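*Asks:* Sequence:
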Amino acid sequence: MLAAKKVMIVPGYGLAVAKGQYALAETVKFLKVNGAEVQLMIHPVAGRLPGQLNVLLAESGIDYDDVVDMEKCNEEAFWNDIDVALVVGANDTVNPLAETEPNCEIYGMPVIRCWLAKEVVMMQRSLGAGYAALPNPLMYNDNSTMLLGDAKCNLELTRDE
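The C-terminal position of the sequence shown is numbered 161 in the working numbering, with every residue numbered one higher than the one before it.
If you are wondering where the hints come from, they were derived from the structure by calculation, not from laboratory data.
Careful: at least some of the hints might be erroneous.
Simulated restraints, written as ranges between beta carbons of each label pair [what the hints assert, rightly or not]: (1) K118 - D66: 17 to 25 Å; (2) Y107 - E71: 12 to 20 Å; (3) D63 - L127: 28 to 36 Å; (4) L157 - T100: 29 to 37 Å.
Treat the numbers as computed from the prediction; the structure is a model and nothing was measured.
Glycine included, every Cβ here is placed at the ideal spot set by N, Cα and C.
Turn these sequences into a full structure, and let the hints guide you.
*Replies:* Have a look at this one:
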């Protein structure tokens with residue numbers, strides 16, 4: 001991730017569960033100090049309450065100007081410029097099945113197309129399904145790397161290495 005010039009962070013409910021918002025803020029700061037352009041994209045239904053992730057990011061001191069609008073910045077051309085998509089505790093909101101599998105329960109739900117980035121780093125507690133109880137093929141994409149475990153711990157380890 002240190003070589004990345006453009007990083008998009010996609011936080012999800014797993015960040016809230018891990019109480020990792022301050023570790024995320026430190027990671028954002030670290031990446032910026034090392035020359036990366038860092039933005040965050042929050043899905044409108046991320047978390048268990050509307051706006052939960054926005055509140056956590058604000059609480060941790062992340063600049064709201066770094067948060068981009070999913071509806072305006074989710075096209076393929078936008079993602080082509082992203083070196084690393086760092087997915088922290090998001091699952092259903094980044095699941096490509098919503099676009100590719102008509103028989104899927106979330107088919108048609110807008111999702112964050114982070115799989116279009118050059119590289120995806122997913123921080124998840126496990127390889128298990130998310131709230132919608134669906135598998136997520138993004139975890140197995142050729143351009144995806146999985147970091148399993150607590151999101152806060154993984155953010156701290158990634159920052160410190």
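*Asks:* Taking the hints in turn, state whether each one holds.
*Replies:* Verification of the supplied hints:
| no. | hint | verdict |
| --- | --- | --- |
| 1 | K118 - D66: 17 to 25 Å | holds (20 Å) |
| 2 | Y107 - E71: 12 to 20 Å | holds (19 Å) |
| 3 | D63 - L127: 28 to 36 Å | holds (33 Å) |
| 4 | L157 - T100: 29 to 37 Å | holds (33 Å) |
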